[in-house]
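First to last, the protein sequences are chains A and B. Here the numbering used here is used: the first residue of the first sequence is 1, the next is one more, and so on. Here the numbering used here is used: the first residue of the second sequence is 1001, the next is one more, and so on.
A hint or two may mislead.
Claimed, not checked - What the simulated footprint calls covered on chain B by chain A, stretch by stretch (three residues with Cβ under 8 angstroms from a Cβ of chain A suffice, anywhere in the stretch; the number is not a length): (1) 1039 to 1050; (2) 1107 to 1115.
Claimed, not checked - Below, a list of computed lysine to aspartate or glutamate pairs in the EDC-like style, where the Cα atoms sit at most 16 angstroms apart: (3) A:16 to A:59; (4) A:3 to B:1104; (5) A:70 to A:26; (6) A:102 to B:1026; (7) A:38 to B:1104; (8) A:102 to B:1104; (9) A:110 to A:44; (10) B:1009 to A:44; (11) A:70 to A:59; (12) A:110 to A:10; (13) A:70 to A:86; (14) A:3 to A:59; (15) A:110 to B:1038; (16) A:38 to A:10; (17) A:3 to A:44.
Because the hints were derived from the structure by calculation, they are not lab data. All C-beta atoms in this analysis are idealised placements derived from N, C-alpha and C, irrespective of residue type, glycine included.
Each chain, written out:
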Amino acid sequence: AQKVTQAQTEISVVEKEDVTLDCVYETRDTTYYLFWYKQPPSGELVFLIRRNSFDEQNEISGRYSWNFQKSTSSFNFTITASQVVDSAVYFCALSISGGYQKVTFGTGTKLQVIP
Amino acid sequence: NAGVTQTPKFRVLKTGQSMTLLCAQDMNHEYMYWYRQDPGMGLRLIHYSVGEGTTAKGEVPDGYNVSRLKKQNFLLGLESAAPSQTSVYFCASSYGPHDLMPGEAFFGQGTRLTVV
């Protein structure tokens, strides 16, 4: 069975600070996919990124970056120069090959960016 | 392009009452899902559908039924609501059936259900 752990329940940072959200996963499958979703106060979940287990290359998208390390089973998410609009709950998720019926979500990290 | 639309957005039920949550998507997605979100537990899959006319159980199916009579709609029913079903319910859809590498899932804005 797979498991996703987001140990940080809530984080508060001051605007313009950098912040890293941790995600640790467990699976016995060699093929799997990792996701990050953002849930703003409006409620919907917004897809941010997907990585597959064969691609450990880190990714940067604007102020967002993701660090995937198979050696530590981690897929951490960093926001550089945080902004108030980044305030949300962020979910990390893991899927073995297949559709979303096989996705396991973490419990989420609530990020509050203080102006 | 509305994406995934859930109705209603809020509902209060008395124990034992029944209701149906409607999910509609306009992206021609094959796969649709119902999740529930509870504090400290992330999202848990209730039921899902891999195509029109098909449904399957997820992680927490008890007390719920679903139907997918039309490709664009996925209904979640509670026949006899219980306080334990107080939660936020999310519908989602994604491409398939050749979705061996799960791509982006699109989520609705959620339905906040309270059972008293």
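ask   = Which of the stated hints cannot be reconciled with the structure, identified by number in ascending sequence?
value = 3, 4, 6, 13, 14 and 17
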